[in-house]
Structure formats: C-alpha cells, structure tokens
Amino acid sequence: MTNIPETGRTPRVQIRLVVIQILVLSLLGTLGGRLWYLQIREGAAYQKEASGNHVQQVVQPAVRGSILDARGVPLADNETRLVVSASRTDLLKMKDDGKAVLTKLAGVLGMKPADVMQKVRLCDAKTPQPCWNGSPYQPIPITDEATPRQALQIRERSEDFPGITAEPEAVRRYPAPGKSNTAQVLGYLSPVTDDEIQQAKDTDSPYLRSDQVGRSGLERQYDKELRGKAGVTRYEVDNLGRVIGKAKSDSAQPGSNLVTSIDSRVQRVAEYQLDNAMQVARTQFDKITGENYKADSGAVVVMEAKTGRIVAMASAPTYDPNVWVGGISAKDYKALTGKNSDYPLLNRAIQGQSAPGSTFKVVSTAAAVEAGYEWDGGYPCTSSYSVGGQVFKNFEGENFGPISLGRALEVSCDTVFYGLADREWKKDGGINPKKGEPKDYFFKTAHQFGLGKETGVDLPNEVTGRVPDRQWKENYWKANKNAWCKTGKKDGSYVEKIAYENCLEGNKMREGDEINYSIGQGDTLVTPIQEAMIYGALANGGTEYVPTIGKAIVSADGKTVTEIKPKVRARLPISQATHAGMDKALAGVITSGTAAWKFGGWPQDKIELHAKTGTAEVYGKQTTSWLATYSKDYTVVMTIAQAGTGSGASGEAVRNIYSALYGVQPDGSIDKKQALLPTPQKGLPKIQTDGTIASPKVAQDPAEDLKKAAEKAAEQGTAPPDQNQPGATTPSPTATNRTTRRRPRRRGSRRMLT
Amino acid sequence: MTGANSFSVSGYGPQRAGWTRLFARDSLTRRLDWPMLLSALALSGLGSLLVYSATRNRTEINQGDQYYFLIRHIMNTGIGLALMIGTVWLGHRTLRNVVPILYGISLFGVLLVLTPLGATINGSRNWIVFGGGFSLQPAEFVKVSIILGMAMLLSARVDAGDRPYPDHRTVLQALGLAAVPIMIVLLMPDLGTVLVLVTIILGVLLASGASNRWIFGMITAGVVGCIAIWQLHILDEYQIARFAAFANPSLDPAGVGYNTNQARIAIGSGGLTGAGLFHGSQTTGQFVPEQQTDFVFTVAGEELGFVGAGLIIFLLGVVLWRACRIARDSTELYGTIVAAGIVAWFAFQAFENIGMTLGIMPVTGLPLPFVSYGGSSMFAAMIAVGLLQNVHMRSRT
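Protein chains in written order, with my numbering: chain F, 1 to 754; chain L, 1 to 397.
Bound-form chain F, shown alone (with noise of 0.2 Å):
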C-alpha cells in the first residue's frame, strides 16, 4: 500500500504518537513545577513544619510565685498534685478503646476498673455522673492524688501506658493566714484561652494547657512575675515518638515571689472590723427611710502614709478566693458574677466610687485658700443658704456664727463652703460665663488632688472617679440629652423634673451644681484608694504618693531582690501654713468635732489622729458613709454604702484599727506588746539562703484576740498580762500555743517532681 511510509506508520499514528509525546512531556513538566512549588516557593515553610514533626516540645511548668505579706506570710502559694489524666483521642485510636490500658491504669491506681472508665467517658443526656463534661481533646483527669511512685509506674512505662500521663500540677492556694481573706486585692487565676496559647505558641514562655493566668488584683497585675518561665525540652524524635536525637533543654525558671505591703494580722482586723461595722450598722434605724441601715457595701484602706504603702485593703461583700483553685463550678461562678450577686468579685477599695461628702471639704478649704479666702476670714455658718429658691441646709441645722476655714472643716459646716463656691460661681461668670473666663478654683484643686484620675495603685481595672466639672458636664450632658429630652417633664416627678431642667442646661455650670459640688455631693465620685491617698498626703506634709501593694519581687532563689520603691504623684497644693491649719482642724474633728463621740478616751498626746467624716447623700439611697483618717505613719478610710453618718458608721471600726496597729487599750492606755505595727514595716522579711522566705508564726485569729484581750481586760479593769502577741519587728513573733499553728507546709515541698 502506498499510504504506508517507510517507517511502517500511518499519519495517523504518526500524529498520535507525537501527542503522546506532548502529553508525556507535559506530565513531567507538571511533576517538575509542582516540584518547585513545594521546595523553592514554599519550602520555608515545609521546613518548619519538618522541624515540628521531629522535634517534640515537653514543656514542665513554672511553678508560680507566692504573694507574700510584709513579714513573709504567704497570702497565695502553691500545693502540688500529681495529675494522672487520659487523652480519649489516644484512648479511641485503640481496638478495644483503651478498656485494656484503663483496666491496667486502675491496678496501678488501685481503683476500680469501672470507676475509670466512667470518669473518661463523656456526659451526655443518659449518661449520669460520674463523666466527663470537659472538651473530648483535653486529657481528663482521672486523679489528682496520685503518689509519686503511681505516677513513676506511669510515666517508665509509658508504652504500657499510651494516652495517660502523670503530670505534677501546681494547684493555686490561697492559705488566708490568721483568717486574713485579702480576695479581692489577691484576685483569682483561671485557665489560659486557646488564644492565649496561640499567641504565647512561639514566645519563649509557651503555655501549657493546663497553665493558669492571673485575672485579677495582684495575681493578674504581677502575673508574668509571678508566672516564670516554663522549661522547654526539645527532643528529636521519630515517627513514633521515640527519641533519636539530641536533647535541648532551657529548664524551668520558677516564678518570682512577690512580697506586698499588706500585713496578714492588719488585714485580717481591718476586715473583721468592716465586717464588724457592716453588721452593726444593719441594726440602726434610719430615720429619714424609715428601716433599718441596709450597709450593702463597704471598703477599708490602710496605708502608709509616709510612702503610700497598702497596709491592708478590704472590701466588702467578700469572697474565699479558693473557689477559683481547680476550676470554678458553673454555681460558684454564677453566685460571684450573677446579676443577682452582690459582685463580690468588686475590689470596691479600688472599683467602688460615691460622692465624698464632706471628707470631700478638705480639697474645698485648699480651694478657697487658693482662690485667696483669709483662712482666718469668719465666715459665716448659718443654718441654711438660699440661692434662688432652693435653700440649702446646714447638716442637721447647726448654726455657729461666723467661723474661720479652720473651723469649718472642722465642725464640717455646709453653710461655710456653700457660700464661698456661691461666690466664685458669681465671679467665674454665673450661669453664661465667657470663654476662658472661669477660674474654676474649686474643680482645678480636686484634680490637684488627684481626683478623677485613677491613682496608679498597683491593681488592675481601678476606676477614677469623676470631677464634674465644665468639661464633664458637657460631655455627659451630649451623650445623655437625647434621653433625658424625651423623658423630661416641667412638672413631672422628681426623676422628670430633674430631666427637664438638665434637657435644657445640663451642660452648664448651675449655682446649685457648684454649691452641691463643694461639699462633695452632687455628680462628684471619689474612690477609697483615691481618699487615702488624698489624706495620707495631709499626713506626711502634703505629697501624694502612688499607693502601691507590691513591695519587692524575689526571685525564686532569693538572689534577685527588686524593690518597687515608692513613688511620689503629687504635692498637695496647699502652703505650709495652710496645712497646719488643715492638720490642726482634723486634729479637731477626733477631740471636738463630728468624730469626738466616738473617740473618747484615745490617748491624743501620745498618738495624734486626725478624720473628717462623710455622709453623702445618694438618690434613691440611703446615705454612704465616709470617715476619713490619719495618724503620724498611717491613713485610713472606711466606707460604707447605704450605712448612715461616717462617724457613726465608721468611728468604732476605725479606732479598733487604730488601737490593733498602735497598741492602744480600752482604757487609753498603750501595750506597744499588743501593737501589731506601731511603725511601718521598714525592711522585708528574711531571704534565706535557698531563696526561701522566712515567716513568721501566725496568730489563729488576730481581731478575735485583740477582741478577746480588751475583753479581758475590761473585766479586769487593768491592762491584760503579756499574752505573747506577735510583735511587730521581732522577726518570728510567737503567739500563745493555744491559739498558733505552723504553717501547714513547708516553702520548699512544693518543689516539682521533674
């Protein structure tokens, strides 16, 4: 046939055989750009992923550092459990499910086979408890009790074992030494987030996934202190996790302790006593409601006040932070943060925020110094002011004739301060005043004092209260005149009435807001923190200092000790002279003022105090109380909301404080033995040379003592015999054996098994 050519092929064939060749090609040329872009393009990242497969990360935990109080007591530290847990993915890769491996795992454990089983096994709608309720993925715990030889067994024998593991887990505790609670200002830790982990996957602190993390107070604001460095081991290994290669090992650097300023003994008085007056002042009637004092809530500051250092700091209602140790139950959670709660998990030291009241007239005396008011100037204190057709009345009437700045502060005379903010409200320029023109002495001095702007103590979410002044007022007024236009009514109720009135001039500065203002009442809110910083100031001679609750970070092995040194804020604007006078008229307050009633018999000569009570008026409330005070080295603050006058309040609760701290006896007399702090603490407690802390025996019960030693002594009308207290600069006090304990365990045995 002519059609086939020599080389014994069609066209045909021809043709097809070179699209075979073509597709050939093509196919290896595919082979070869799928090769590229596996290995040029992406290979940087094939690289790390290889490096993933065999180098396996096993991560020991950090053990997390102690908070510890001023003489060394741990207010937090550490139990360690030995966790054996099951991975059920490893487990449901298995034939039989891992029934073989739990069986074994329950001889080792001596449990019974089906109590293992059960505790892996979800809980669903059937399944009644014991089960599992967690995520699948994470390993379930079976025990947390296990002993160091159950948990050796399971970790040589690990192939025997595949899916169980034996960790050690360091388990937060929060021992309340001497009853002392400290909740709020300790804060809490809960497990770390998926992101968390995912952001902390390549730092050089990875977390585990049974890692804690501070979320609160001192736990959540010295968290990486207090967290360490988790150890990493990289291991080479193979496809079956054997390990084939090199070991590389950062080993785990534990956490920093933390050593605070708060005294576990002063602690704990200063909340039994605010507890103490919470639940007295429940029993008084109050006549303007007509029930008794509801005093839902209240906070006590003690602090330093040659440094700022918290010495204490309650707040109430209260919380045993050991709720949170293990994971906080669904009931816990909802009765610290329901609505129907009474947010314990508040640090209202900090969070919590009212009117001042007339503690709130010490910044106004400044003020009027300032705007140039003679401090001897006799100043009139009538019963009431009228402006307009509101009349503003002295508290409860009074009427004293014309009085100095001294004076007034110290009888805490309305009439006195209303007049003067009336004036300068006249001379920045009434209800219109031009641009630029209002001094403002009033509203600049709150904040030279540092109101309305957190203080910087060192916790976490403080809030700052509020000067209301021009500024404010017009912010609040743009963010709130839509609301209150439609719901105000000229002749409404009050609530309406109220509306109306701000719906038309909310963003000015009204005779009424400036003369309300200067008493501390009205759109005002101070913190608790923020009035012990304030009259700690007045007691050191006028500087503010930062309050701070950390003292010292040492690390785990004592050698690094860094100090957290005090830091001044401010300096009070007020002269020398000014001061004294102020200093002299709250010196006042405690022999002849609105607190004398309830400090008779204080040994004044001998420790000089000084307060300013406060009874702010909130709507719809009935009225917080305040008393502010200060020695020559301390400031204290208690309020307590919904609870009547400051003094009346307060004015026990506080003495007791002082009488704990100072030594001071029912009689007035003064048992330095019995003072649990009658100077600051200076130095910190001992580091040994392991890098352990040294502490010192703690009392049972520091305010049932006190309580029980004036007791005593009012029966036997003589000052009590030595009853062994704690004193304040021995190092290791000793307490009556009735009433001490040891320490439940020593620093050094909660070391990891690694």
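In silico lysine to aspartate or glutamate, DMTMM-like type, Cα no more than 25 Å apart, as pairs:
{"#": "1", "chain 1": "F", "residue 1": "K426", "chain 2": "F", "residue 2": "E370"}
{"#": "2", "chain 1": "F", "residue 1": "K48", "chain 2": "L", "residue 2": "E290"}
{"#": "3", "chain 1": "F", "residue 1": "K95", "chain 2": "L", "residue 2": "E290"}
{"#": "4", "chain 1": "F", "residue 1": "K93", "chain 2": "L", "residue 2": "E237"}
{"#": "5", "chain 1": "F", "residue 1": "K104", "chain 2": "F", "residue 2": "E169"}
It should be emphasised that the hints constitute simulated quantities derived from the structure, not laboratory data.
Given chain F's structure and the hints, the job is docking chain L onto it.
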C-alpha cells in the same frame, strides 16, 4: 489468536547468529540506545542510595541489617540487568514468536496469586512468596505481556501490509486479550496496577492506529467504569478514604491523610539542595510510611532537594523521550506499539507515583520504575528497557 502464521510474518532484517552480532562492526553495543540505558541504570543507582537511606534505621523491617534493602536493591538491579540483556540477546523476532507463551505464563502467574499460594500484603493479594525472603508480584509482568500480546495481534495484518489500520475485529480480540488478566488483577484487588494496565491499553490502541471510535470508546468506558466503581461501592473503605484525603489534605492528618501530609512535608522541607543524603529528619525519623517503595521519591525530595528530585524526573524524562523516539522511528507497527505501550506504562506510573507524593494525585500503591525497592517491578521495568532496545536496534538496520 489469528493463527500460527501470524507469528512468522516478519520477512526482513539480517538473520545472524546471536554471538556474532556482538562482534560485528555495527555491533550490538554500538547500536544500543545508550542515553536510555544509562538513564535507567542511573535511576537504579540513585534508587539504591535512597532505599538505603530510607531503610537503614528501620530495624523492624530490615532484620537488624542496615544493608538488607540496599543489597537486595542492587541484586534486583543486577537480575533486572541480566533479564534486559537476555531480552536483547533473544532478539526481537524470537520474542515475538514466543509472545503467546509469555502471555500464558503471566496469566498463570496472576491466577496463582489467587490460589492459596498467593500472599496478602498491605491489603492486596498480589504476591507469590517463595522461600528465602523472595517474592514476586506477577501483576508486574502482566504489564509486559499485555503490551506484547496486543502489539502482536494489532500489528499482524498491518505489518503484513494487508491493511493500514487494525480492523475492529482485531481490536476486539486485543481488548479481550487484555481484559482477562485485568479482571484477575481487579480481583486481587490491585487497583493501581489496573489503572496502569488501562493506560497501557489506551497507549497501545493509540499507537496501533485503531479507529478514533475505539479511543473515545475506551475513554468513555474508563469514565463510566470509574463512576460505576464509585457508585457500586466496589472500592474498599481505605481506598475511598484515600480519595477523600486527596481531595482534602487537611482531613485527618493523623489518619488517612498522614501519608500524603508527611510526604509533602518531607519533600517541601528539602528546599533547593536538600538536607543532604542520610540527613533528612523526616526520613531518619521514619515519618513517611512505605518510604523505600511507593514513597521513595520523598527521600530524594528531602535529602537531595529540588536538584536531586528534579534529576530523577529528568532521567525519567530521558527514558520516556527516548522511548517516544523509538516508537516513532520503528519501521514496523509492532515495534511502535510495544514502545508506545511502554511509554504509557512508565509515564503513567511515574506521574502517579511522584504525583501522589507531591499531593497532586491520590495515593495508590504503585512503585516508581527503577527507583523504588521491589524485585518484580525492577525486573519488569528492565525487561521493558530490553524490549525498547530491541525495537531500537531493529529500526536502525
């Protein structure tokens, strides 16, 4: 079969004694296609290094001897080389005359696998285990015999000069000849080999000049077959899972997707020049299963990088390129068909094997010709090289 006389149609070409050919001026050695031969040998040599790297630490399979697989791979290469030389020595015509016998033997081999003599390894019953650690996969030789058998049938009338193309009857006969062993292999089941065989049929039909209808018919039948297999749930669960893992690589990286995932990590981490022979962490850590056989390419990818892995693709390209040339240069349709069938075989198997390690093809158990560890595969591939040499020499005379 079309009768005895079909086997002796060939009437041209020198007829000299085997031995004299070696020493003639246009001697055997001078007429060999050296680029192809050397590429095949280079691939085997590279293969032995890669196999050694992949197995020297695998104590659970290398019987405590790190050279166990290396020695065997070299031995296999040697035997394969001998088989190739034998093929060349026997010569084109002799072999063409004994095609029915070869076909019969390979058919017997695959049938034997289904008897109790066969052994199941990795879920497929496609092994005959001899004593002394030797075993054969008869399915590998079916590839050769199908090519030869179909080539013989399809080329008989054309090479005789009777027709320009094989007629429908002949094509039908050829398909029938291929269908029998394919059915048996499907029973094993060895899906990978079936795919190779189907591709070979397609290549053979294309090269034979069979009517386009057959070609499209084949492709349609293939598609329908795939759908039928999918719909009738003939596939095993693991096979479906492999496809699922191919479609979605992130699916179950610890389970079905493990192989492909680890393979891709190994190759990807190689970069341009690789981690160096014996220094790949994926290989040393044995993260890639079946690394000395089906996933041998990953060793090259990781330890030799783009350069080394690219070299393997290049060498395969040389072999295939030469085979294509040989198919086009053959003076008779028989040689063209044989060469095209081998091209289809090698090309598909190489593409599928390397493609699955690169994640562009689903995973099937197919070795990489010349490189992967495995006697039967090596032998069959070497015989195929021998056949190509025969066709080559034939067309040069």
